[in-house]
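**Student:** Take a look at the letters that make up each chain.
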Amino acid sequence: DTGVSQNPRHKITKRGQNVTFRCDPISEHNRLYWYRQTLGQGPEFLTYFQNEAQLEKSRLLSDRFSAERPKGSFSTLEIQRTEQGDSAMYLCASRPGTEGANYGYTFGSGTRLTVV
Amino acid sequence: GNSVTQMEGPVTLSEEAFLTINCTYTATGYPSLFWYVQYPGEGLQLLLKATKADDKGSNKGFEATYRKETTSFHLEKGSVQVSDSAVYFCALSEWGNTPLVFGKGTRLSVIA
Numbered sequence: 001d002t003g004v005s006q007n008p009r010h011k012i013t014k015r016g017q018n019v020t021f022r023c024d025p026i027s028e029h030n031r032l033y034w035y036r037q038t039l040g041q042g043p044e045f046l047t048y049f050q051n052e053a054q055l056e057k058s059r060l061l062s063d064r065f066s067a068e069r070p071k072g073s074f075s076t077l078e079i080q081r082t083e084q085g086d087s088a089m090y091l092c093a094s095r096p097g098t099e100g101a102n103y104g105y106t107f108g109s110g111t112r113l114t115v116v
Numbered sequence: 001g002n003s004v005t006q007m008e009g010p011v012t013l014s015e016e017a018f019l020t021i022n023c024t025y026t027a028t029g030y031p032s033l034f035w036y037v038q039y040p041g042e043g044l045q046l047l048l049k050a051t052k053a054d055d056k057g058s059n060k061g062f063e064a065t066y067r068k069e070t071t072s073f074h075l076e077k078g079s080v081q082v083s084d085s086a087v088y089f090c091a092l093s094e095w096g097n098t099p100l101v102f103g104k105g106t107r108l109s110v111i112a
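For the record, the sequence lines run as chains A and B. The opening position of the first sequence corresponds to residue 1 in this note's numbering, with each subsequent residue numbered one higher. The opening position of the second sequence corresponds to residue 1 in this note's numbering, with each subsequent residue numbered one higher.
Hints are computed from structural coordinates only; laboratory data are not their basis. Nothing here was measured: the structure is a model prediction, and the numbers come from that model. Just so it is clear, CB atoms sit at the ideal spot from N, CA and C, and this is done for glycine as well. Possibly wrong hints are sitting among the right ones.
[Claimed, not checked] Here are some of the chain B residues that sit facing chain A, going by a computed Cβ distance under 8 Å:
| hint | residue |
| --- | --- |
| 1 | Phe34 |
| 2 | Glu42 |
| 3 | Gly43 |
| 4 | Leu44 |
| 5 | Phe89 |
| 6 | Pro99 |
| 7 | Leu100 |
| 8 | Phe102 |
| 9 | Gly103 |
| 10 | Lys104 |
[To be verified] When the alpha-carbon atoms are kept at most 20 Å apart in a straight line, the in silico EDC-like pairs for lysine to aspartate or glutamate are as follows:
| hint | chain 1 | residue 1 | chain 2 | residue 2 |
| --- | --- | --- | --- | --- |
| 11 | A | Lys11 | B | Asp55 |
| 12 | B | Lys104 | A | Glu44 |
| 13 | A | Lys57 | A | Glu78 |
| 14 | A | Lys57 | B | Glu42 |
| 15 | B | Lys104 | A | Asp86 |
Next comes chain A alone, as it looks inside the complex (with noise of 0.2 Å):
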């Protein structure tokens, strides 16, 4: 297993566009989080997921931005009609659904998405 694995890398769209990214978890890690990184902050919390459920959305997650896990092992996260102020860094990570907080993520290299 190689870790988290982001794709895209980079994408750049243009206002208005749709776009989706993948996000491909370590093989035996049940939750799935996301979350977005912009310049000279640190991560926020977008929205998780245990196996294919979706148990806690931010409010920073609008109307425009669904995530999936179909299945359970891949999720998307998708952006529609993009706006300026969405370019950031969107940063996947797993960990095992062992309980307990004593666990810490392991996170994806990311997606830098640039909206011009």
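Go by the hints and put chain B onto chain A.
**Tutor:** This is chain B only, laid out in the frame that chain A set:
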């Protein structure tokens, strides 16, 4: 709500200097604490963690001690190297299902 406050960067040090990056937290319960590192062009990597008061996390010469009385988790290294240049993030997770909450990060530059 839960939050993490880190000292602002950038921090610039000479090789072999002593490093401290301050981190304090606010939590309603009893969180686990983490330090993550982000090297240029890469994702975040877990550097070290501590899950209860007075625990010391350590890795690659870095250390941090969970201080409940001062709600702090300061990162230290006795002798930094150029290869330690990166952005360091302090984070907390309060209990099993709550997502990690990150500080804003501190950029460290080590010069030879």
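**Student:** Hint by hint, say whether it matches the structure.
**Tutor:** We went through each hint and held it up to the structure:
Proximity of B/Phe34 to chain A holds as hinted, the smallest CB-CB distance being about 6 Å (cut-off 8 Å). Hint status for B/Glu42 relative to chain A: holds, with the closest Cβ pair at about 6 Å, below 8 Å. The interface hint given for B/Gly43 holds, since its Cβ lies 4 Å from the closest Cβ of chain A, which is under the 8 Å cut-off. At about 4 Å, the closest approach between the beta carbon of B/Leu44 and any beta carbon in chain A falls short of 8 Å, and the interface hint on this residue holds.
The beta carbon of B/Phe89 is positioned within 8 Å of a beta carbon in chain A (closest approach about 5 Å), and the interface hint is therefore held. The beta carbon of B/Pro99 comes within 4 Å of a beta carbon in chain A, closer than 8 Å, and the hint placing it at the interface holds. For B/Leu100, the interface hint holds, since its Cβ comes within 8 Å of a Cβ in chain A; the closest pair sits about 6 Å apart. Satisfaction of the interface hint for B/Phe102 is found here, the shortest Cβ-Cβ separation to chain A being roughly 3 Å, below the 8 Å cut-off.
A cut of 8 Å between beta carbons decides the hint on B/Gly103: the least distance to chain A is about 5 Å, and the hint holds. Against a cut-off of 8 Å between C-beta atoms, the interface hint on B/Lys104 holds, since the closest Cβ of chain A lies about 5 Å away. Using a Cα cut-off of 20 Å, the hinted pair A/Lys11 and B/Asp55 is violated, with the two alpha carbons roughly 42 Å apart. The suggested pairing of B/Lys104 with A/Glu44 holds, with an alpha-carbon distance near 10 Å, which does not exceed 20 Å.
At most 20 Å may separate the alpha-carbon atoms for a hinted pair to count; A/Lys57 and A/Glu78 meet this at roughly 14 Å. For the proposed pair A/Lys57 and B/Glu42, the alpha carbon gap of about 25 Å is over 20 Å, so the pair is violated. Distance restraint check for B/Lys104 and A/Asp86: the Cα-Cα separation of roughly 18 Å lies within the 20 Å cut-off, and the hinted pair is therefore satisfied.
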